[in-house]
Amino acid sequence: MDSKSSVEQIRARFDADVDRFSDLAAGQLTAMDSALCLDLIAQGAAAVTPGATTLLDVGCGAGNWTLRLLEVLPKLDVTLMDLSQPMLDRAIARVTAAGATSITIQQCDVRGCRFEPGSFDLIVAGSVLHHLREEDEWRAVFKNFHRWLRPGGSVWVYDLVTHEHPVVEQRMAERYATYLKTLGGEELARKVFDYVAEEDSPRPVTWQLERMREAGFATVDILHKTATFAAYTAVR
1 MDSKSSVEQI
11 RARFDADVDR
21 FSDLAAGQLT
31 AMDSALCLDL
41 IAQGAAAVTP
51 GATTLLDVGC
61 GAGNWTLRLL
71 EVLPKLDVTL
81 MDLSQPMLDR
91 AIARVTAAGA
101 TSITIQQCDV
111 RGCRFEPGSF
121 DLIVAGSVLH
131 HLREEDEWRA
141 VFKNFHRWLR
151 PGGSVWVYDL
161 VTHEHPVVEQ
171 RMAERYATYL
181 KTLGGEELAR
191 KVFDYVAEED
201 SPRPVTWQLE
211 RMREAGFATV
221 DILHKTATFA
231 AYTAVR
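Numbering (my numbering), first residue to last: 1 to 236.
Wrong hints could be hidden among the right ones.
Once the Cα atoms are required to be at most 25 Å apart in a straight line, the calculated SDA-like pairs of lysine to any residue come out as [said to hold, decoys possible]:
(1) K225 - E71
(2) K75 - V235
(3) K191 - E169
(4) K75 - T54
(5) K143 - G99
(6) K143 - T162
(7) K181 - F193
(8) K143 - H130
(9) K191 - L209
(10) K143 - G216
(11) K75 - E8
(12) K191 - K225
(13) K143 - A47
(14) K75 - G44
(15) K225 - A189
(16) K191 - L29
(17) K181 - E198
(18) K191 - Q28
(19) K191 - E8
(20) K225 - E210
(21) K143 - S201
(22) K143 - D194
(23) K181 - T162
(24) K225 - R175
(25) K191 - K143
(26) K225 - W207
(27) K143 - H163
(28) K225 - D194
(29) K143 - T54
(30) K225 - G44
In case anyone wonders, no lab produced these hints; they're calculated from the structure.
Just need the whole structure built from these sequences, with the hints factored in.
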């Protein structure tokens, strides 16, 4: 994984790309079904953890996930975590405008952030975990998620994923390329795949669910899967 982008390189790229992550209606267009998964996760979180009062948004970007959750759970105390200060600034402004009255900020990498056990009812991680590199980093983050949640709390993930079988991986990558070409032609497809090769290190959703169980989560469920993207939940 040494050839992948460093944390500082990732931070710099997101510092300069705030607007692309600020469209609540459309989601992130190059991420398949992102707007659908915003709704699935918000509705699911409200149903599975209806009394939730505390939220951690991991890699919050410009705040889309928190904004959607506030629509169904308007009294949430929000903790926004991101590497990028410009992203945090945009998220703070948008979340404040949406009526949130308790907002805590953590500018950090999820691998280095620390919270007390049982700090949150909900954790959401939208398009962020694919930046984790080695298996032990994934395991450590999932264990922290479990530790940071109160009993009965839940984590909600939407992300780029790979596949266990190489033929399935190739076919799903082809489907994603076709989708990108409908948005911006061959040039966009090439740009996105080059970017993924340089910066991202996703894992199969099946592998992630196994690691969630290992971390101690009582239940794990897939909410949605399309080509190279998936949404899932795990409940402590």
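Honestly, which of those hints from before does the structure not fit? 5, 9, 11, 22 and 25
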